[in-house]
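Participant: With chain B's structure known, arrange chain E on it following the hints.
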Amino acid sequence: MQKQEEITTVIRPQKGWVPIDIPEIIKYRDLLYFLVVRGIKAKYAQSILGVGWAVLQPLFTTVVFTVVFGNLAKVGSDGVPYVIFSFTAMVPWNYFSGTLTDSSNSLVANASMITKVYFPRVVLPLASIFSRLLDFLIGFIAVGGFMIYYQFIPSLNALFIPLLLIILLLTSIGLGLILSSMAVQYRDVKHVMTFLTSLLMYAAPVVYPASLVPEKWIFLYSLNPMVGVIEGFRSALLGTQPMPWESILWGGLVAIMIFVFGAYYFKKMERVFADVA
Amino acid sequence: MLPEKSSNRNLAIEVLKLSKRYRIGLAEEKQETLALQLVHLVKAPIRNFLKLRSLGRFRSEDESVFWALKDIDFEVKKGEVLGIIGHNGAGKSTLLKILSRITEPTKGEIRIRGRVSSLLEVGTGFHPDLTGRENVYMNGTILGMTRKEIDRKFEEIHSFSGIGKYIDTPVKRYSSGMRVRLAFSVAAHLEPEILIIDEVLAVGDAEFQKKCLGKMEDVAGQGRTVLFVSHNMAAVERICSRAILLSSGKIVFEGSPAETINFYLSGGKAESKWGKIPSHYPRNSYHTGICKIESIELSQKSLRDGYRFRFGEKISFDLIVNSSEELGVIVTLSFIDQTNTPISFSASNEMNRQHLFDLVEGKNRINIEVDQTLLPGDYSIGLNIWDPNGYPYDSIQSFGSLSIEKFGKGGRGYPWGKNLGFVAFQIGIKNESYET
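So the protein sequences, as listed, match chains B and E.
Mapped onto my numbering, the consecutive letters of the first sequence carry residue numbers 1 to 277.
Mapped onto my numbering, the consecutive letters of the second sequence carry residue numbers 278 to 713.
For reference, chain B alone in the conformation it holds in the complex (with noise of 0.2 Å):
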């Protein structure tokens, strides 16, 4: 037999703000791996249309938009078809408001876990925002679809994607743990969600374009990270407008703040979720 090392843990009350422990994190991999999994397996289990679903969702929400913003409303759509000038935000939204849904329902949902094992609890708002990802690159795809279709040629801003990936995936993560954490506390984090998501898409540019935003709010309207990754995904597959990179930045910014802020207090939180959940 191979001798180990032995491992002592040492179990007290703790005191603080504390951050995340990563290298645990690292350790329960799997945990996550199969967490994500079930995630995805269980969402589309026992349907006709499986993952198919993840591009009729905001196909069929686009349609709608473009008979209402685009044609009776006649909101602008900086010179491209109104379908893919918001297939194209609908896709990174749709992920954004999805992980915002699935995330703060996560510890919820599984507080029979929380209570009867112990695993680093973040594990579960994290697979909860990366099952979603099978969605987004399924999505994204369509919008690969779409650019065929009308003959759109991505300019060599794409290369910027995976920075706008990150600011994206780190405003979810963020706010996946300060709401999930705050739900099993306070329960009234669903009912807001519920309308909340639908809100706050009027706060994105997501059925208008960015440029219809009044000069003297832009910079506030910047602060919201959704807005520059919206308006950098537009640029960089539709070309409609140069690479906004003053949102980038703000945008980007503010998503380190509330994903540092998340880090520090679900792990704050964590201690009372077994006794409260």
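These aren't lab readings, by the way, just hints derived from the structure by calculation.
Note that this is a predicted model, so its numbers are computed, not measured.
Glycine included, every Cβ here is placed at the ideal spot set by N, Cα and C.
Check each hint, because a few of them may be wrong.
[To be verified] Distance condition first, Cα-Cα at most 25 Å in a straight line; then the derived DSS-like pairs of lysine-lysine:
#1 E:K430 with B:K41
#2 E:K488 with E:K569
#3 E:K328 with B:K190
#4 E:K527 with E:K553
#5 E:K425 with B:K268
#6 B:K267 with E:K384
#7 E:K328 with E:K354
#8 B:K268 with E:K354
#9 E:K492 with E:K354
#10 E:K442 with E:K384
#11 E:K449 with B:K27
#12 E:K488 with B:K41
#13 E:K569 with B:K15
#14 E:K384 with B:K41
#15 E:K553 with E:K569
#16 B:K190 with E:K320
#17 E:K487 with E:K695
#18 E:K294 with E:K527
#19 B:K267 with E:K425
#20 E:K488 with E:K430
#21 E:K487 with B:K41
[To be verified] Only part of the chain B face toward chain E is listed, based on derived beta-carbon distances under 10 Å:
#22 L35
#23 V117
#24 K190
#25 H191
#26 P209
#27 R271
Facilitator: Same frame as chain B, now just chain E:
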């Protein structure tokens, strides 16, 4: 850091001054008038917020604070199998939850040396839409196994569960028994150095329970450290090498499983177990108030402490029975083991219905002498007074406490114990091949 004392190296778990505080709900004030009720309603969100926030905060020692554990100290040596017993609400589950890091202690410290797995429930993380196979991986990783470990043990887990070809069927189509069997199989194949178990044996059908108990004994036999919480006293006595008794968040007794269980079952009062029967003691009676057992005493002062007997020693009881009229009755006596199972039976009429035992009106002093051959262990007694038709006048169960020692009548050691049986019958034995 100071070097650790060498004795500490042999300890798997050290618990120091451990306390855990919870908040309990309090009744709300009642509002008398409609106006007050309206104000109460409007203020509800603020009140709710303060209440929810206070779940995790403890500023002042108000009356809604409840100590589930208070200054617990104990140690578990490596390879020891420690049983934890106690009434519901004594703090057992809280203790296990802190040991398995599910919840934080309020005060105190625990040091654990070695990899811990805890089983407070089987089948955690099972998802109804996933197949058995997928759930094995899911559940296994939740319990701290890696994917590789599960790959390696999968066949073993599968065959232990007896699920067979249903392994690739979604778990929601399983019977509840199948689900539990699969879940337990995963749990049983953990290989931690320290295992924490809470009542998981109470699952499945009798056959599977037996299999589980066997598996537990294997684990304990492999020299691993086990903490075992259960209400199944027989299992605690069989598996554990030591036991502690929790009551109201404190350790009230620590010792061998038999001693601890005995202390627990006797209600924590080892001395006053015999004598007058307390007024609230549960009785069973068909004819109310005609005839009542007032007290049961051991008549002789035997061996040590007055309640320990040698193997084969005669035991005699003195009873006081109050009867409101002259009666012909049947008196029966049972010896009862620690799991509350009666294991022997004796009757005053020696199985003859016509042969009744006479009671006078008023106080009856009765002596019963038992020529017992109980195997060494701890017992209580049950005493019944019946009418000739078999309906009880009075009945007292699990009263008192006595021990049969591992010494015979002549003071010689008696080697056999209660794990082999309960009663030793005298037998005649001869080898017939020698007969001519």
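Participant: Compare the structure with each hint and give your call.
Facilitator: Hints, verified against the model:
no.: 1; hint: E:K430 with B:K41; verdict: 24 Å, holds
no.: 2; hint: E:K488 with E:K569; verdict: 45 Å, violated
no.: 3; hint: E:K328 with B:K190; verdict: 18 Å, holds
no.: 4; hint: E:K527 with E:K553; verdict: 29 Å, violated
no.: 5; hint: E:K425 with B:K268; verdict: 33 Å, violated
no.: 6; hint: B:K267 with E:K384; verdict: 19 Å, holds
no.: 7; hint: E:K328 with E:K354; verdict: 42 Å, violated
no.: 8; hint: B:K268 with E:K354; verdict: 33 Å, violated
no.: 9; hint: E:K492 with E:K354; verdict: 21 Å, holds
no.: 10; hint: E:K442 with E:K384; verdict: 50 Å, violated
no.: 11; hint: E:K449 with B:K27; verdict: 30 Å, violated
no.: 12; hint: E:K488 with B:K41; verdict: 33 Å, violated
no.: 13; hint: E:K569 with B:K15; verdict: 61 Å, violated
no.: 14; hint: E:K384 with B:K41; verdict: 42 Å, violated
no.: 15; hint: E:K553 with E:K569; verdict: 12 Å, holds
no.: 16; hint: B:K190 with E:K320; verdict: 22 Å, holds
no.: 17; hint: E:K487 with E:K695; verdict: 19 Å, holds
no.: 18; hint: E:K294 with E:K527; verdict: 11 Å, holds
no.: 19; hint: B:K267 with E:K425; verdict: 29 Å, violated
no.: 20; hint: E:K488 with E:K430; verdict: 18 Å, holds
no.: 21; hint: E:K487 with B:K41; verdict: 35 Å, violated
no.: 22; hint: L35; verdict: 8 Å, holds
no.: 23; hint: V117; verdict: 5 Å, holds
no.: 24; hint: K190; verdict: 14 Å, violated
no.: 25; hint: H191; verdict: 13 Å, violated
no.: 26; hint: P209; verdict: 40 Å, violated
no.: 27; hint: R271; verdict: 5 Å, holds
Checked against the numbered hints given earlier, the structure breaks hints 2, 4, 5, 7, 8, 10, 11, 12, 13, 14, 19, 21, 24, 25 and 26 and satisfies all the rest.
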